[in-house]
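**Q** Letter by letter, the chains look like this.
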Amino acid sequence: MMRFNSLKTPLVQGINLTKIFRYGLIWGEPVEAVKNVNINLLRGASLSLTGESGSGKTTLGKILLGIIRPTSGKVLFNGIDLTNPKRVPKYIRRMMSYIPQHPEEAFDPRWRLYDNIAEPLRIHKLIGSKEEEKEIIFKLAEDVSLDTSLLNRRPFEVSGGEIQRAVIASALATNPLFMVCDEPTSMLDISTQADILRLLKNIRDKLNISLLFISHDIEIASFMGFKIAVMLKGRIVEMADVDKLINEPLHPYTQGLLGIVKVEYVSSYAKNCRGCPYYDRCPVKMLPCREKEPKLKNVGGDHYVACFRY
Amino acid sequence: MDVKALSFLGIKGKIGLIIILFVVFIGITAPVISPYDPTSLFEPFEPPSSTHLLGTDDVGHDVLTILIYGARVSILVGFATATISTFIGLLTALIAGCYEGLDPIISRILDFFLVIPRIPFIVIISAFLTPNIFIVILVLSFFGWAKTARVIKPLVKQVYSREYVKRLKCIGAGNWYIILRHILPATFPLAVAQFVLEGGHAILAEASIGFFGLEDPSTLSWGMEINHALQKSIIFLTNIWTWVLGPPILMLTITLLSTTFISIDLETRINPRLKVRSW
Amino acid sequence: MGVSRRFFVSKAAFYISLFILSITTVFLLVRMMPGSPLDYLGGEAEDVPYILTEEVREKLLSYYGLDKPLWEQYIVFVNNLLHLNFGYSIYFSEPVTRILLPHLMRTLILITLGFLFSISISFPLSIISAWRRGSTLDTIITLLSMSIYSIPSFALAILFLIVFSVELKLFPLIGFSAEENILDILWYALGPAMVFAVAESGRAYYFMRNSFISELDKDYILFAKSKGLKNKTIILRHLLRGSLSPIISKLALLFGYSLLSCMFVENVFNYPGITWLLLISYEYYDYPVLESILLIFMFTVIVMNAIADIISFIIDPRVRGGWM
Ligand SMILES: Nc1ncnc2c1ncn2[C@@H]1O[C@H](COP(=O)(O)OP(=O)(O)OP(=O)(O)O)[C@@H](O)[C@H]1O
Ligand SMILES: [Mg+2]
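Chains as they are written, first to last, in this note's numbering: chain A, 1 to 310; chain B, 1 to 279; chain C, 1 to 324.
Computed cross-link-like contacts, EDC-like style, restricted to lysine to aspartate or glutamate with a CA-CA straight-line distance of at most 16 Å:
(1) K166(B) - E105(A)
(2) K169(B) - E105(A)
(3) K11(C) - D111(B)
(4) K232(B) - D58(B)
(5) K86(A) - E100(B)
(6) K166(B) - E104(A)
(7) K206(A) - D143(A)
Cβ pair distances, simulated, as ranges:
(8) L222(C) - G174(B): 42 to 52 Å
(9) D217(A) - A12(C): 50 to 60 Å
(10) K297(A) - A12(C): 47 to 57 Å
(11) L61(C) - P104(B): 42 to 52 Å
(12) N175(A) - I28(B): 54 to 64 Å
(13) V163(C) - F128(B): 37 to 47 Å
(14) L138(B) - G228(C): 54 to 64 Å
(15) V163(C) - I28(B): 29 to 39 Å
(16) L184(B) - S186(A): 30 to 40 Å
(17) F128(B) - V9(C): 31 to 41 Å
(18) R154(A) - D217(C): 24 to 34 Å
(19) K232(B) - V9(C): 51 to 61 Å
(20) S53(A) - V9(C): 34 to 44 Å
Worth flagging that the hints you see were computed from the coordinates, not collected in a lab. Where is the CB? At the ideal position from N, CA and C, for every residue including glycine.
Using the sequences and the accompanying hints, generate a full structural model.
**A** If you want it as structure tokens, here you go:
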């Protein structure tokens, strides 16, 4: 299987990532969007990120791509530090691609789909002639089953599913090694969702891409990933292979997401509390949970969880 | 929003465009269509007749000739000033909007320029150099660009924070590539509206300088003509004002009206909320 | 509220640096003008009966402190300003404040009158046409105000003079009387103030209409309408309150700039306001007066900007976040 012939060194490595947002200069409490996250992605392996809204999935994805600069920590892509954007050579950027959370925001509204898809190729000057470019674009469109007659339209003139396919086509244009897909299906109906997911899965397996797949829906996340990581308030609280995590989730939050245990309704959460991020909602909380934050630890078989009960 | 903003103008904009093109035409063809040479002198204060369609002024210039050559000055000043200040303003807005680190200091510079009172300073500057039209153009551009930058900057920032720009940066597009290919086209309609507006301002400011009599005396501009006429209070005792004062004021007003029409039309197109619509 | 204190402190720091910058700019530009105030005290001007000898010239220069190097003059200038001492007019041979204040008063009377007229015309009109956006009435008022906005104010002033003073002979052609009677002053200010009001009302109308329209498009007004509230209630209770902050701060700015925009009207009417003084002091290189007038212009604009900032800070909590 693919998993085993990937290289031993990780392609993307996030070390101790923390991102704190401050609103304006002086107003508002700082928000810890990502806190002390360590993440490794091997070549060709994929990881799904899941968690509730506002848990920092998008922020983590953008940090790993070098779009957002982390407050502290490092991102290594093939050994090159992305947190120092000036030092990142252009060819490294060619190996990455990004599918933003809102596909209709992913393209310049003034440009036709064709030009939008071709843009990564043009930025990296990967094609010689117009004919060659056309050939490649049509091939890409075919790969993502996008009707080629739509290529002359502008982004706001096509449907959500169509534009999502076009965005994927554009993301594939430069043959990336690493791809971040941020909720690529959240705006679509169920059958289109399934189509897009299958498409992404096929592409990933065929092209051997390291995929960071983000979804707030743990079912969809488990459909895509080899590995799955659950985020809560900026922390990764549990991470394991898909089968393990689905079949025997350890963290009460994951269990809640999977619907195994009933979660108490809490009207408002404490913002930046000292203890466990799940403390106020946890059905099985203990005394130390309030004061100390549990660390992510390996409980055997590459199953990581951040909870004092293990 | 902005894609089709320029593809056609509304009725107001079209009327304005026709008028301004007419004035431009007059200005360009001035030596051909003017009845006399601008330097030739006749009897002063002659009423309109078949030889002098609009009469003559206090020193004996043919008013129609002066009017036609005045169009040349106005259009030149308006066009050149608008070009320079839109160019510099747009560039500043792009830099301030796309390089976050530079924004605070650029904003402060803009704030400073915006409190400089334009006309009094031109009065002072005219002590240093007699304002021929090239100096007028330079001075007006010097005072004009900050406004343009101020108006365009928020839009640049807004576009620059869009997701597609982030995506392009992530896959390796340079800042200037993004600015030239994506941000500039997005701000273009606003820049055009600003260009027209700034052109109108410049034409008015030039006329004002002339009105205060600060321009190089040999300049044949509408403002100077008004200034000369106003110095002779005799024109109010008879109906002389109807031909020495009326025509330049009328031309100036029509020209300014047309730029206002165009810029307001463009503005409602860019910001459709202001568009006149019923609900 | 440590936070709003920091807001005010950093704003204040910015405005103070703006003051310093404008003082320096004005000083440098004025003092470096080619020519000297003494040129006009010497033989050329007819009403000066004596010739300036070299000796007297030097004495005068040192009397006015003009023989010192520029940086020393600058220090004296700033020091005087800090003590609210605007200097001594060279041309009028009187303290600048004595010369300046009456003219400034005249101008303030003019623009205050004009401003009041202009708002009382444009405010109701802008509400009407924003409320009935798209109607014929709105179109007509908007077109009219656009046209007025485009006509240069000196042209309006000339038009007014021709109609009311030349043809109808209702108003005086010359801008002032010798007597300083308050009624007379008001009477002479009335004509220019009316022209000024008309010229300004186009601009005021246009931006007020736009602020009302953007407020009218907000959801809460639509909600109020759908609840079936009376129009009068909606206008008084929601529309005015919602759009007050942008309008007031913009009006403050307009008032600041009107010191400048009234220059043309004053000039056409030969009104003895600040414009007249500016042109005289410019012509005779009367440095202290010229500097004071320019500083007044810039300070008014700066102060009005600051007031607009503060007003929108107080009225509208939204500007508090992310004001940079
Ligand atoms: N640019 C920003 N400025 C300030 N705060 C931000 C910014 N982006 C995100 N945040 C905050 O960071 C936290 C994490 O946001 P993020 O977008 O990463 O969540 P998410 O997990 O992707 O949520 P969703 O599932 O809704 O997309 C949120 O509390 C959000 O308010
Ligand atoms: Mg997200």
